[in-house]
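Student: Go by the hints and put chain D onto chain V.
There are 2 protein chains.
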Amino acid sequence: EIVARLEAFFAPKWFSGHAVLVTAGPTYEPLDPVRVLTNLSSGKMGYALAQAFAQAGAAVTLVSGPVSLPTPLGVTRVDVTTAEQMRAAVLERVPGHRIFASVAAVADYRPARVSPQKIKKGAERLTLELVRNPDILAEVAALPEPPWCIGFAAESENLDEYAERKRREKGLQLVVGNLVQEAMGRDENTVVLYDENGRIPLPTADKVQVAWGIVRHVAQRLGLIDTAVERGDL
Amino acid sequence: EIVARLEAFFAPKWFSGHAVLVTAGPTYEPLDPVRVLTNLSSGKMGYALAQAFAQAGAAVTLVSGPVSLPTPLGVTRVDVTTAEQMRAAVLERVPGHRIFASVAAVADYRPARVSPQKIKKGAERLTLELVRNPDILAEVAALPEPPWCIGFAAESENLDEYAERKRREKGLQLVVGNLVQEAMGRDENTVVLYDENGRIPLPTADKVQVAWGIVRHVAQRLGLIDTAVERGDL
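Protein chains in written order, with our numbering: chain V, 46 to 279; chain D, 46 to 279.
Certain hints may be false.
Intra- or inter-copy, both count: the list cannot distinguish identical chains.
For lysine-lysine, the following DSS-like pairs were computed, each having C-alpha atoms within a straight-line distance of at most 25 Å [what the hints assert, rightly or not]:
{"#": "1", "residue 1": "Lys211", "residue 2": "Lys163"}
{"#": "2", "residue 1": "Lys58", "residue 2": "Lys165"}
{"#": "3", "residue 1": "Lys215", "residue 2": "Lys163"}
{"#": "4", "residue 1": "Lys166", "residue 2": "Lys58"}
{"#": "5", "residue 1": "Lys165", "residue 2": "Lys211"}
{"#": "6", "residue 1": "Lys215", "residue 2": "Lys166"}
{"#": "7", "residue 1": "Lys163", "residue 2": "Lys58"}
No wet-lab data here; the hints were simulated from the structure.
Extracted from the complex, chain V is given alone in its bound form:
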């Protein structure tokens, strides 16, 4: 924690006076009290991004699915379990935030019925009916006064095509794309940034450094870096 405090002290305060809302981790979509459908996510990338924004001076709120990670220093954390809980927590808090970074691996579908008691196993085969979950990022980006929206695209193939399509269809300012094979559960990540100016690959690095690369890019895009130099914050 002493190291974290020192890092935060010496970090450039590009985002002083700005509020940033970040989602991280998976969501758990219950079938019954013990079984869930989920997307694999350690939460590391979202937590690293929340920490980097906080160290860069932002007031950061982190809406987090179930993960086993400590809350980054200076970050306000709100714990949720399901996609619907995450949606409610985000929509309640997003007004007043300059930036929304949707890093959570929200489950796209949830079981249509949730059993209040543990389902006893029996049949050899079982059919599970799933319904679509809300698309939290698309909803936020479509608000009358949306924040600057950052989406994450974790794909197993066709990364450029899917990431660009996600950016255009949801009207996002930035998409951070990666191949799941190169990121999941690992401390390192290889990402490509997609924005209106094109495609910017970042070097492979640990998730903390990747987070700083993203924060720097956002600060440049929002014109906060020159301002900070003028204020003497660098």
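Tutor: Below, chain D without anything else, positioned relative to chain V:
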């Protein structure tokens, strides 16, 4: 770690010369490279039991699903992801083990088809076909020369009935039952032991103490406690 070494040094060595195989954690049953069906399990109870058996002198092998816990001191750990991988790891290693403790929350069902690429979301509703996973504990208990088998029953209701039925139907020497509401993700647990002599509730305690309660009960049932006294190990 110094504390763990001291605890291990002073623990009674009831299980010296005995091999114990423990499973712990959840299994992940993939739909595609990012989505899984799983049972909620922190792995804490299984890890605590593996540690207690090791401290009590046993040679412990721990077959573990994906959890974020350190390997207990002196325990040999084998990592697996799916129920089928866990079955293979257990059946390969179980010969020569005196005791098999099945603590893992193995997913009862897995998706019938696994997509090699991430499934793109589309339809409002989706039907998922599931097939039964192997019952690892039942298979081990039905071996020609089975180890002494300990099962765990995590139920949301009717605990006595379900736990007793599990013990009789699978032919287990011991079932450790708990209510999921009182155990899941927590450090404490309230369990009841079910064996041929009936029902023995253990006091609510942290999972490490509960593990020691189970290990003591097993040592008594196997007649190892008096033997140990005679050997001067106490």
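Student: Now tell me if each hint is right for this structure.
Tutor: Right, here's what the structure says about each hint:
1. Lys211 / Lys163: between (37 Å within a copy, 15 Å between copies)
2. Lys58 / Lys165: So lysine 58 and lysine 165 fail the 25 Å test inside a copy (55 Å) and across (39 Å) alike.
3. Lys215 / Lys163: between (38 Å within a copy, 19 Å between copies)
4. Lys166 / Lys58: For lysine 166 and lysine 58, neither the intra-copy (55 Å) nor the inter-copy (39 Å) Cα distance is at most 25 Å.
5. Lys165 / Lys211: Between copies, since 12 Å is at most 25 Å while 40 Å is not.
6. Lys215 / Lys166: between (41 Å within a copy, 14 Å between copies)
7. Lys163 / Lys58: For lysine 163 and lysine 58, neither the intra-copy (50 Å) nor the inter-copy (38 Å) Cα distance is at most 25 Å.
The structure is inconsistent with the numbered hints 2, 4 and 7, although it conforms to all the rest.
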